[in-house]
Amino acid sequence: MVPKQTVNPLSTRDPDLRWDGQVEDFIYPDNAIYIVPNIVHFIKFGDDPLSFIEVICIRAAWLQQRPDALMIHCDHCNAIVESPLWYLIEGVPTLQLELTERPTEVFGIPFSCVQHAADVARALILMNYGGIYLDSDSYLVKSLNPYRSYEMSIGWPPGENVGIQVLVAHKDARYLRLWYESYRAYRPDLWYWNAGELPTKKFLSVRPDLVNRVRYDFGVAEEATLTLYDQCDDSWGNYSSFHTFFRHIFRYVPSEPERFGPLTLDTVPYYDRNFGQMARLDIMEKPVYRDVGGYYVSWGFPETNVRSALNYVPRPGDVFIVGYPKCGNTWLEHIVYNIFNDRAPPKSLIDYLQEMPFLEWQGADAARGMRRPGSIKTHMPFHLQPYSKDAKYICISRNPYDCCVSFYYHTRGKPIFRFTDGTFDEFFEMFLAGKVACGDYFVHLMSWYEHRDDPNVLFLTYEDLKVDAATWVMKIADFLGDDYGKKLRADERALENILSKTNFEAMKEQMNAAHENLFCEMSSMPEDIKPDWVKLSMNAVGDWVPKKNHKSFDFLRKGAVGDWTTHFSDEQVKRLKEHIELKTRGSNVMSLWKTIQLP
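Numbering (UniProt numbering), first residue to last: 1 to 599.
Mixed in with the good hints there might be a few duds.
What the hints assert, rightly or not - Taking lysine to any residue pairs in the SDA-like style, the calculated list, with each CA pair at most 25 Å apart, reads: (1) K577 with T595; (2) K475 with I283; (3) K501 with P314; (4) K171 with V313; (5) K487 with P346; (6) K392 with T471; (7) K475 with L310; (8) K475 with T461; (9) K594 with D454; (10) K574 with K594; (11) K475 with P345; (12) K475 with D342; (13) K466 with N497; (14) K171 with E181; (15) K466 with K594; (16) K202 with E222; (17) K389 with K466; (18) K466 with K501; (19) K486 with D453; (20) K501 with P346; (21) K501 with V313; (22) K142 with I283; (23) K574 with G434; (24) K142 with D454; (25) K392 with G485; (26) K475 with S500; (27) K171 with D189; (28) K347 with H410; (29) K171 with P146; (30) K487 with F459.
Everything labelled a hint here was simulated from the structure, so no lab data went into it.
Based on the provided sequences and hints, a complete structural model is requested.
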């Protein structure tokens, strides 16, 4: 279906606005978090079909920003719909083609080129709507939501003029008015005079407070762009966006087109530079997560619960089980439960979660109302984890190779991730870029490894627990409290009982059956006794999960060490090894797995 088209003439602006006039102060709403609307704008003037770079950048804007509206302002909208690459963006649910008159003059002065017309058009569009403007070759690496709290944010590298390739602005931003009015002195003969040189010298050198200056993060400086075509690392992930200069590769990196050839939809899967990584992720990525407060979660996690989890204040004595997904969190939960309790854990997963809440899924109220002593599971990195020196944290990690494979099957097997037809090759790219639920594996690992010696943190690995569960159960018991350790030492059968109840086969049988019944159980609960977190979860998953038992997914699959060897290609081994060296540079964290013969 063709998106809605509306006419949006750009020639009508308030004639009383004057560049040299007094500008009223901008006032933030008292309770505002974001003052800039979540609308993304692109401009496409002319009747050329969608290009490869335009499609890549539009897809990236949708995948990373999830805007309420993604508008392409065009004067030949039919040419977009008829483009061979239209199929790559036609499924974007908030896409709108805005039929927009291309300006031919500004303040009575004819434009000398279409690029100057587009410069003025972006100012007028933002003054009309507000939002995020992206050049057609500007690529979003991550959400620009942090900049939506400012009146206006603009790329302004040190020692350079402002860049207008990425703009985030409230429609009443003072700078927008001044910039537009500066075109009364339009110079048709100068390429970047009115767009960047004049406003930098005339306004911002005197009033830099008019904008939130973004020195590097928007990636508008040439030296940042060059890293896309002359480096192969993950440095591009340090930026929020890039002006790719895609149409000017010949000028900036003249040897690159000759070395590789043209970059197209067909060739980019083989391009061995940073731009290739970005584009492959964009083309293959499926929406397995969403960003809530800087934390990536699956679509089945209610936003209300995630936000309350991020703001949970730990109680003295709280015990947290922390670990990246598929690293042994559930195993630890069962061990801790059996140390705390002589009774068997609940068979119903609803009851299980009432006693051992999953904080991000169920929210802070579930943690406040749980039976104590007990444990609270999270997948958060240290900087997001609710933390208190009076709480205890048992952190488990797993080698990245096996974690990647296990997380792939988990993501593909659960419909709420919307990845049921995904391949390991696709997931590998997302895992490497940290574009998966719960974010970057290495951010999580490194953040907790730095705290491994804190007195209220017990750090262990999945592999160590596999090799010697008895020793680690005792260490966990001692960490939870002297009385628990003494109890196990005094009764050998108690330790054997815990080991028996928490071995992989026993847990697999119980947990797989519980997960098979989960959504049937949730949907069949009487409304008057259904916990709020269950209601919110059912609303969040919508029709993505059947409300009847289904056996297509094993929550616990193999639990093996070394399963990665049957999944990784030689090239993937090489890339992950290089990625590990980059992400863990200066740390001995990988020595955690020195006994299991990783590459």
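Worksheet item: Of the hints stated earlier, which fail here?
Response: Of the numbered hints, 2, 3, 4, 7, 17, 21, 24 and 27 do not hold.
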